[in-house]
Every structure is written in C-alpha cells, then in structure tokens.
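S.K.: With the hints as extra help, turn the sequences into a complete structure.
Residue numbers (this note's numbering), protein chains in the order written: chain A, 1 to 306; chain B, 1 to 306.
Do not take every clue at face value.
If several chains are the same, the list does not tell them apart, and a pair holds so long as it fits within one copy or across any two.
What the hints assert, rightly or not - Here are the computed lysine to any residue pairs in the SDA-like style, where the Cα-Cα straight-line distance is at most 20 Å: (1) 99 <-> 132; (2) 224 <-> 132; (3) 125 <-> 115; (4) 224 <-> 87; (5) 85 <-> 246; (6) 125 <-> 306; (7) 125 <-> 61; (8) 224 <-> 163; (9) 99 <-> 305.
Simulated from the structure, these hints should not be mistaken for laboratory data. Owing to the predicted nature of the structure, the values given are computational and were not obtained by experimental measurement.
Number of protein chains: 2
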Amino acid sequence: MFEGSEKIIDVALRPNCDSLRELPPQFWQELVAACGADILSVVHHQSCDAYLLSESSLFVWHDRVRMLTCGDTLLSPALATLIEKLGAAQIGVASYQRKNEYRHQVSLASFDQELIQLRQVINGKGYRVGHLDSHHHYLFLAYGESSSRPAPVTYELLMHHIDADVANQLRGSSLSVMHIRALLQLTELLPEFTIDDHLFSPFGYSVNGVNQAEYFTIHVTPEKAHSYVSFETNITAPQLLKRVSDALLALFAPESWDVIAVNQHPVEHELSGATQSTCSIVSEQSDNVQFNHYQRNDIRLCCETL
Amino acid sequence: MFEGSEKIIDVALRPNCDSLRELPPQFWQELVAACGADILSVVHHQSCDAYLLSESSLFVWHDRVRMLTCGDTLLSPALATLIEKLGAAQIGVASYQRKNEYRHQVSLASFDQELIQLRQVINGKGYRVGHLDSHHHYLFLAYGESSSRPAPVTYELLMHHIDADVANQLRGSSLSVMHIRALLQLTELLPEFTIDDHLFSPFGYSVNGVNQAEYFTIHVTPEKAHSYVSFETNITAPQLLKRVSDALLALFAPESWDVIAVNQHPVEHELSGATQSTCSIVSEQSDNVQFNHYQRNDIRLCCETL
Numbered sequence: 001m002f003e004g005s006e007k008i009i010d011v012a013l014r015p016n017c018d019s020l021r022e023l024p025p026q027f028w029q030e031l032v033a034a035c036g037a038d039i040l041s042v043v044h045h046q047s048c049d050a051y052l053l054s055e056s057s058l059f060v061w062h063d064r065v066r067m068l069t070c071g072d073t074l075l076s077p078a079l080a081t082l083i084e085k086l087g088a089a090q091i092g093v094a095s096y097q098r099k100n101e102y103r104h105q106v107s108l109a110s111f112d113q114e115l116i117q118l119r120q121v122i123n124g125k126g127y128r129v130g131h132l133d134s135h136h137h138y139l140f141l142a143y144g145e146s147s148s149r150p151a152p153v154t155y156e157l158l159m160h161h162i163d164a165d166v167a168n169q170l171r172g173s174s175l176s177v178m179h180i181r182a183l184l185q186l187t188e189l190l191p192e193f194t195i196d197d198h199l200f201s202p203f204g205y206s207v208n209g210v211n212q213a214e215y216f217t218i219h220v221t222p223e224k225a226h227s228y229v230s231f232e233t234n235i236t237a238p239q240l241l242k243r244v245s246d247a248l249l250a251l252f253a254p255e256s257w258d259v260i261a262v263n264q265h266p267v268e269h270e271l272s273g274a275t276q277s278t279c280s281i282v283s284e285q286s287d288n289v290q291f292n293h294y295q296r297n298d299i300r301l302c303c304e305t306l
Numbered sequence: 001m002f003e004g005s006e007k008i009i010d011v012a013l014r015p016n017c018d019s020l021r022e023l024p025p026q027f028w029q030e031l032v033a034a035c036g037a038d039i040l041s042v043v044h045h046q047s048c049d050a051y052l053l054s055e056s057s058l059f060v061w062h063d064r065v066r067m068l069t070c071g072d073t074l075l076s077p078a079l080a081t082l083i084e085k086l087g088a089a090q091i092g093v094a095s096y097q098r099k100n101e102y103r104h105q106v107s108l109a110s111f112d113q114e115l116i117q118l119r120q121v122i123n124g125k126g127y128r129v130g131h132l133d134s135h136h137h138y139l140f141l142a143y144g145e146s147s148s149r150p151a152p153v154t155y156e157l158l159m160h161h162i163d164a165d166v167a168n169q170l171r172g173s174s175l176s177v178m179h180i181r182a183l184l185q186l187t188e189l190l191p192e193f194t195i196d197d198h199l200f201s202p203f204g205y206s207v208n209g210v211n212q213a214e215y216f217t218i219h220v221t222p223e224k225a226h227s228y229v230s231f232e233t234n235i236t237a238p239q240l241l242k243r244v245s246d247a248l249l250a251l252f253a254p255e256s257w258d259v260i261a262v263n264q265h266p267v268e269h270e271l272s273g274a275t276q277s278t279c280s281i282v283s284e285q286s287d288n289v290q291f292n293h294y295q296r297n298d299i300r301l302c303c304e305t306l
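M.R.: Here it is as structure tokens:
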C-alpha cells in the first residue's frame with residue numbers, strides 16, 4: 001500500500017575521515033535490519049557501494065551514506081544510531097527528509113517528535129515546506145560542530161498518479177525486469193551505469209544504477225489508488241539530468257510531481273498544461289534546498305464509492 | 001487551531017411529517033451538547049430557526065435539519081442519534097460530509113469506522129472524492145426506505161489560505177462585528193436576510209443569515225498557518241449566488257477553494273490565473289453532487305522553520 005514517498009537520511013563526513021566503505025558488512029546489515037528492511041543485493045563499484053533493499057536503497061561512498069526507505073519504516077532512529085556509532089565529531093553534515101503521510105498511521109511518530117529525538121544526538125534545524133493541505137515535506141538539517149561541509153548535491157523527482165495505462169502495464173503478471181528496463185529506456189538514457197534491479201510481488205520495481213561516484217535510483221509503486229514513481233540521483237550534468245527527467249515525465253505523465261534539488265538548479269520543464277509552485281530554503285551554512293511542486297491542469301478529481 | 005473544514009449532517013424528512021420546529025428547545029440543546037458545542041444565539045424566522053453555535057451552526061426547518069461543526073467534534077454520532085430519535089421511517093434523505101484532516105488526530109474515528117456506525121441505523125452509500133494527497137471530501141448519503149425524497153439544494157464555497165492582509169486584519173484586536181459585516185458587504189449583497197453573528201476570542205467570526213426558508217452561513221478562521229473561510233447557502237437564484245460568490249472570492253483571494261453543489265449548477269467563475277478540477281457523483285436516486293476544486297496558479301509554497 002502506498003504510504004507517501006520515501007524517507008531519506010544522508011550523512012556526509014568531515015574531510016580526512018575513515019572510509020565508510022571499510023566498515024564491516026554487518027554494520028550495514030544491522031542498520032538496514034533496524035529499519036525493518038533486508039539487503040536484496042549489492043553492487044560494489046569503484047567509488048560507491050549500492051545496496052538494493054526490500055524497502056528501497058542504500059548508497060555508501062567513502063565519506064557519505066544515503067539511505068531511502070518507503071512504507072511505515074522509521075528512519076530518524078537510524079540517523080541517530082548512525083551518528084552515535086560514527087561519532088558526532090566525524091559528521092560534516094546530516095539530513096533527514098520525510099513527506100507528509102496521507103493515511104493516518106498511529107504507529108508513526110510525528111515530525112515534531114522525531115525532531116526532539118534527533119536533537120538529542122545532533123543540533124539541527126527542522127523545516128516544513130508546502131501547505132499542510134497539499135503535498136508537503138519535512139526536512140532536518142544538521143552540521144558538524146567541529147567541521148562542517150556543504151550538503152551533497154542531490155536531485156529528486158517524485159511523480160504521483162502516473163498514467164493509468166502505464167500503471168496497469170506495471171501491475172501485469174508476466175512482467176520481467178528486462179521489460180521494465182526497456183520501458184524506462186535505462187540503457188539508452190544512462191548507458192554508463194551498472195544496473196541492479198528487482199521486481200517485487202505482486203508488483204513494484206526498484207533499480208539502482210552506479211557509475212564511479214555517480215548514482216541514480218528509481219522506485220516504482222504502480223498501486224491503483226495512488227501510483228507513485230521516484231527518481232533520484234547525484235548526476236550534475238544539466239543536459240543529462242534534463243534528458244532523464246523529461247523522459248521519465250513523458251513516460252509516466254504524472255498528475256503532479258515534486259522536485260527537490262539540493263545545491264543544484266532544478267531542470268527547466270516545458271510547462272504547457274501544468275502549474276509550478278516553488279519554495280527554497282537557504283540554511284545557515286548557505287546550503288540551498290529548492291522545492292518545486294507541479295500540478296497538471298486538466299485532471300479530473302477521482303471519486304470512489306466506499 | 002484549524003482542523004479541516006466543517007463536518008455537516010443534513011436530514012430531510014418524508015412528506016407530511018411532524019414539524020421539527022415544534023420539538024422542544026432541549027431537543028436541540030441536547031443534540032448540540034452531545035457534539036461538544038453550545039448554542040450562542042438563535043433567530044426564529046418565518047420558515048427557519050437559525051442557531052449560532054460555539055462550533056458553527058444549526059438550521060431547523062419544519063422538515064429539515066442541517067448542522068455544521070468544526071474542530072475535532074464528531075458529527076456522525078449526532079446523525080445516528082437524530083435518525084434514531086426521529087425514527088428511521090420519518091427520514092426522506094440523510095447525509096453526512098467531512099473533509100480530510102491535515103493533522104493527525106488520534107481521537108477522530110476514520111470515515112470507514114463512521115460508515116460502519118452509520119449503517120447500523122440507516123442503509124446508505126459512502127463516497128470519497130478527490131485524491132488522498134490533496135483536498136478530498138467524504139460523503140455518506142442515505143435514503144428513507146419507506147419514502148425517499150431528493151437531497152435539498154445546497155451550495156458550499158470553501159476557501160483556503162486567504163489573502164494575508166485580510167487575514168491579518170481579521171486577527172486584529174480591536175475588531176467589531178460591524179467592521180466584519182462591512183468587510184463582507186453583507187448588507188449590500190444580502191439585504192433581505194436577518195443577520196446573527198459572533199466574534200470569537202482571540203479571533204474567528206461566524207454569521208448566520210435567514211430570510212423565509214433561505215439561509216446562508218459564513219465562518220471565518222483567520223489562523224496564520226492555515227486561514228479558512230466557508231460560505232454555504234440554499235439560495236438558488238443564479239445571479240445572486242454568483243454575485244455573493246464572486247464578492248467573497250474577490251475579498252478573500254484564496255490560494256485554493258472547493259465548491260460542493262448539491263442538485264445545483266456551480267457558479268461559473270472567471271478562471272484566469274486558476275485551475276479547476278471537477279468530479280460529480282450521481283446517487284441511485286439521481287441526486288447530483290458536484291465537487292469543483294480550484295487552485296491559483298501563482299502560489300509560492302510556504303516554508304516554515306520548526
């Protein structure tokens with residue numbers, strides 16, 4: 001069941017730190033297990049280890065770790081654990097991001113509660129962007145006290161209510177990963193990347209791609225009531241980023257989508273037939289987080305008999 | 001604190017029923033008290049009694065009752081109580097409406113739970129209109145088994161995130177009801193109506209208007225984080241309805257607004273700079289409920305430091 005988009009934690013260490021990639025495998029197994037997820041597979045590339053999880057993805061560079069989980073897993077305790085295990089003095093910058101939930105989940109802590117817990121291990125600022133009655137995101141951003149660094153460049157494209165025909169196709173019973181790779185045009189769009197993907201039962205698809213220090217990940221939830229596809233990457237080449245974004249938007253034709261760009265300019269989209277709302281946060285260390293929300297203009301409201 | 005727009009119950013009796021207006025005053029006092037509200041004042045007009053409540057309004061005609069409450073009061077038990085007290089055989093048509101909540105309210109039952117409870121007293125259909133990740137409304141609609149009738153004509157205009165200057169003005173400490181009446185142009189727009197209004201502390205304003213069998217009610221919640229103004233009426237004259245709607249939209253300039261029109265055509269708005277999404281429900285007895293959602297195109301997302 002769709003439960004809002006991924007929660008994300010990101011920790012980048014201070015310069016000259018010990019490499020995170022030299023930590024023993026069980027360090028990551030324990031972290032992932034503590035979030036209620038399993039490691040399905042891993043690609044060890046030259047500069048990055050890319051783990052495909054039962055509940056999204058984990059990327060580990062020598063000085064950075066980024067983990068995404070979906071569903072009703074809680075990620076903020078994992079961030080606190082990670083900071084405690086690595087040592088607060090090692091942290092350059094750390095962040096935690098979650099989206100509003102649409103269904104009441106009594107089990108989930110509120111962002112306010114999470115802020116209190118996170119601030120017990122590191123001093124940071126909390127932000128909400130977007131109105132409470134529409135898509136909105138929560139962000140926690142904390143800098144190392146001894147040695148801070150800029151937040152890593154990241155680009156997220158979060159697509160809601162995708163084209164019904166494509167969603168139907170992605171719920172098909174005879175799908176293969178090759179079929180979905182072709183649909184996504186991964187080989188054409190991102191030929192340099194090593195691909196690791198998984199098809200979930202009854203449906204759902206995740207793919208990690210890694211090329212040197214660059215990564216991308218796509219998660220597809222083609223649920224009928226609320227279909228959702230997320231793409232994120234640290235690719236910085238503007239033309240490549242635009243080519244991939246445009247292709248994904250053309251394929252999935254979402255009713256609404258959000259872009260979250262950290263220390264990067266959002267791709268300029270052709271906006272005929274859609275409306276853009278924007279907001280940006282500049283942190284006390286001059287990190288820039290840009291949120292764009294897009295809404296197609298011609299949508300019919302859905303109506304459901306209960 | 002803003003808790004989503006009003007919840008509404010509406011009961012219209014079968015033809016040749018006993019008059020609801022002859023029920024003793026404590027009948028309504030008890031009903032209102034059971035919802036956690038108080039009666040502030042009442043206007044007894046020729047065809048309608050209009051009660052101003054601490055948590056919205058109650059209107060009683062000889063064959064119909066409509067009650068609105070805001071906040072975290074539950075209204076579905078009041079509908080069940082009302083049907084039980086009046087006798088299911090007296091009911092022509094009954095409805096219950098609520099909007100999605102934005103904040104987690106553990107105390108509030110889900111609409112699914114409310115449906116189960118309501119269906120213990122009357123057989124009816126539940127509907128959801130709108131996506132879960134945007135404004136959406138829930139509606140329960142039930143017809144009398146022995147003698148049904150069409151749902152009464154109603155028009156709701158629900159305005160979210162009003163102009164910041166107007167909201168500021170409405171939070172002012174030296175406001176009077178006369179000031180707000182003038183702001184709303186009530187005397188100019190609706191000169192025939194007997195007005196009953198109340199200014200709440202620290203802010204908030206409610207007004208009932210009644211003229212023969214016609215009513216209107218406006219509730220203003222100028223809260224900074226989420227300002228909200230609702231207008232509803234059973235006025236059917238299209239030009240008057242358009243004049244009032246246009247005046248309210250011009251005054252409050254909301255970022256988004258919803259129209260819910262029961263057995264009535266929505267007012268045609270000049271839509272330059274806003275986008276309309278629509279949906280309509282036709283019940284098994286051919287009642288028509290039209291939902292229109294409007295969103296201004298030029299909004300900037302709000303951002304809040306937590």
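S.K.: It remains to establish, for every hint, whether it holds in the given structure.
M.R.: Do the hints match the structure? See the list:
| no. | hint | verdict |
| --- | --- | --- |
| 1 | 99 <-> 132 | both (11 Å within a copy, 14 Å between copies) |
| 2 | 224 <-> 132 | between (24 Å within a copy, 12 Å between copies) |
| 3 | 125 <-> 115 | within (8 Å within a copy, 41 Å between copies) |
| 4 | 224 <-> 87 | neither (44 Å within a copy, 40 Å between copies) |
| 5 | 85 <-> 246 | neither (40 Å within a copy, 60 Å between copies) |
| 6 | 125 <-> 306 | between (41 Å within a copy, 7 Å between copies) |
| 7 | 125 <-> 61 | neither (25 Å within a copy, 54 Å between copies) |
| 8 | 224 <-> 163 | within (11 Å within a copy, 37 Å between copies) |
| 9 | 99 <-> 305 | between (27 Å within a copy, 15 Å between copies) |
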